[in-house]
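Peer 1: Going by numbering that gives the first Met the number 0, the final residue of the sequence shown carries number 86, and the count climbs one at a time with no gaps.
Worth flagging that the hints you see were computed from the coordinates, not collected in a lab.
Wrong hints could be hidden among the right ones.
[As the list claims (entries may be wrong)] Computed list of lysine-lysine pairs in DSS-like fashion (alpha-carbon distance at most 25 Å, straight line):
{"#": "1", "residue 1": "Lys-34", "residue 2": "Lys-24"}
{"#": "2", "residue 1": "Lys-34", "residue 2": "Lys-44"}
{"#": "3", "residue 1": "Lys-24", "residue 2": "Lys-37"}
{"#": "4", "residue 1": "Lys-44", "residue 2": "Lys-24"}
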Amino acid sequence: MARVTVEDCLDNVDNRFELVMLATKRARQLATGGKEPKVAWENDKPTVVALREIAGGLVDAEYVAQEELIEEEPLFVSFEDESSEAL
0 MARVTVEDCL DNVDNRFELV MLATKRARQL ATGGKEPKVA WENDKPTVVA
50 LREIAGGLVD AEYVAQEELI EEEPLFVSFE DESSEAL
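Make a model of the complete structure from these sequences and hints.
Peer 2: Here's what the structure looks like:
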C-alpha cells in the first residue's frame, strides 16, 4: 500500500482547504452511502481511500457534488398523528 501525501492530492485540487472538504465529503460517501470506491480498498479506512482517489484524479469536486445531489433524500417523513384524533 503506497502512502498518500498532500502534495500528491494538490496536483488535482486547487488548495489544501478544498482538499479537506473534498476528502471529507468523499470519505463520508464511502463510509455511509455505500458508494463503490474507484480504487482498490486494500483494507484502508474511508479517508485514505478518498485521498487515494483524489490523488489519482479519479474524483473531483464536481463528481462528489453530483453524487450528493443524487442521494439527497428527506431526513424525516411526517406522519399524521392518529393519537390526537382518538382524543
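Peer 1: Please write out, lowest number first, the hints stated earlier that are contradicted by the structure.
Peer 2: none
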